[in-house]
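From first to last, the protein sequence lines stand for chains R and Z.
The numbers in the numbering used here rise by one with no breaks, and the one at position 175 of the first sequence is 175.
The numbers in the numbering used here rise by one with no breaks, and the one at position 246 of the second sequence is 246.
What the hints contain is simulated information worked out from the structure, not anything from laboratory work.
Do not take every clue at face value.
As the list claims (entries may be wrong) - Taking lysine to any residue and the SDA-like style, the derived pairs with C-alpha atoms no more than 20 Å apart in a straight line are:
id	chain 1	residue 1	chain 2	residue 2
1	Z	Lys265	Z	Ala40
2	Z	Lys265	R	Glu58
3	Z	Lys265	Z	Leu246
4	Z	Lys265	R	Arg77
5	Z	Lys265	Z	Ala232
6	Z	Lys265	Z	Val229
Values in this document were obtained by computation on a predicted structure and should not be read as measured data.
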Amino acid sequence: MSSTDSINGLAFPTLAGAALEAKPSGIEREVIALYGQFRVPLLRYALSLGLPVHDAEEVIQEAFLSLFRHLQLRRSRANLRGWLFRVTHNLGLKQLYGNQRLDAKTTADWTIAKEQLDPSPDPEEELLSAQRHHRLQAVVRALPENDQRCLRLRAEGLRYREIATILGMSLGAVSISLTRSLARLARADGR
Amino acid sequence: MLHKNPHLSMRHISDEDLVRSADGELSSRRAAEVDVHLEACWDCRARMQDIQSTMTDFVRAHHAEFDGQLPPAAGARALLRARLAELGSKSRPGWWKRVVQLELPRVAVIGLPLIATAIGIFWFRQGTLQGSSSTTALFNSEVTPNRSLTPGAAREVAISELCSAPQEQVVADVSVSLRQRVFREYGIANARLEDYEIDYLIAPRLGGAEDIRNLWPEPYSGHVWNARVKDALEERLHEMVCSGQLDLHTAQNEIATDWIAAYRKYFHTNEPLPLNS
Chain R
1 MSSTDSINGL AFPTLAGAAL EAKPSGIERE VIALYGQFRV PLLRYALSLG LPVHDAEEVI
61 QEAFLSLFRH LQLRRSRANL RGWLFRVTHN LGLKQLYGNQ RLDAKTTADW TIAKEQLDPS
121 PDPEEELLSA QRHHRLQAVV RALPENDQRC LRLRAEGLRY REIATILGMS LGAVSISLTR
181 SLARLARADG R
Chain Z
1 MLHKNPHLSM RHISDEDLVR SADGELSSRR AAEVDVHLEA CWDCRARMQD IQSTMTDFVR
61 AHHAEFDGQL PPAAGARALL RARLAELGSK SRPGWWKRVV QLELPRVAVI GLPLIATAIG
121 IFWFRQGTLQ GSSSTTALFN SEVTPNRSLT PGAAREVAIS ELCSAPQEQV VADVSVSLRQ
181 RVFREYGIAN ARLEDYEIDY LIAPRLGGAE DIRNLWPEPY SGHVWNARVK DALEERLHEM
241 VCSGQLDLHT AQNEIATDWI AAYRKYFHTN EPLPLNS
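Please construct the entire structure, taking both the sequences and the accompanying hints into account.
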């Protein structure tokens, strides 16, 4: 990851000669459009890393500023979604490890999340589904970190090859991890 | 396990291959083999359905876990726009930079007189800009309230109440008598009343009270830091308070102390953002 060095002060590479003819206003519009498309899945993934909401939102902002630089320097446009998840993953972990107040804030955010869950029209159904969700969430949180991330990235629609690149694993390891995690979730659900 | 039936003439499918098949991650040859086997084998098909149900349940639990925490996009998008615009303006090379980088030798001879002229223009414009900055400072002194008259006042209110009420329910019209008292307090003559609106320093949606200590005459327009810019700040602070990113008392204190400084802090910009962003 060359262009994503820190959350609070990104060290961007110097502008290359190739970018002299770039049209930043067009790139700005493109980045904003991609932000509209991918903000929610990226934010969900950043939150799943254990970041508080505010930090997660900030990580996403930094990821898109990096994307702006990336496009301005006319670097590869192949699979920008995978690129964004990769940058979000790296920035998110950096922020997570540097966050001294993580535990307290995460607890607060969990409370808010529980309060803000959409009510289901049927209270019984809501209770049952909430209980199942909590059980599955507890099983997921008990999985090894890398297995959790594999599962979350797959749930956000990433392909095995993309997950392997983001997490620095082999394709086979992704497949084994997902199979193992799904088996644990199935057992927890009494399947 | 081997089967005599030609359709089952292979071992049962492993869990890993079933997962990869469900995810479309098998080679086409292996995917075809798995499909043929699944057509014939109820056991593997039942396992496949269990795997797919588990995937579905996990996706729902994953969304339920985080979707309730996602803050509204509008404020964050406006902030990103501002940052991109700033980044774009910093990195955009001027024509002079290209000349220096690419054509310096040729330009040197004919360019020196031009450069001298450009320096003159630059100094002239700097002088003008500094002049306009002073003007902005004068404007700013008008668009922030007199703190001794309007220190800000908040009412006792629960965050849940502020965050659940629609905007129109929390914005109250200030009574005529109270408006007149505010104008008198600020010594604004009747002839100029139409140039001002009475605004809450701490907005009602941030818990601001309808109290003379929280009201001041704010210029309608003609200023960079006008009421609409303040509305954008109130919206952002409201979002941050409701998403748990900012403490309500901090938001109230910051907007009451210096709303322009608060705007700069929370939008990461020295100048107000375009109002359509």
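Which earlier hints turn out false for this structure, listed by number in ascending order? 1 and 4
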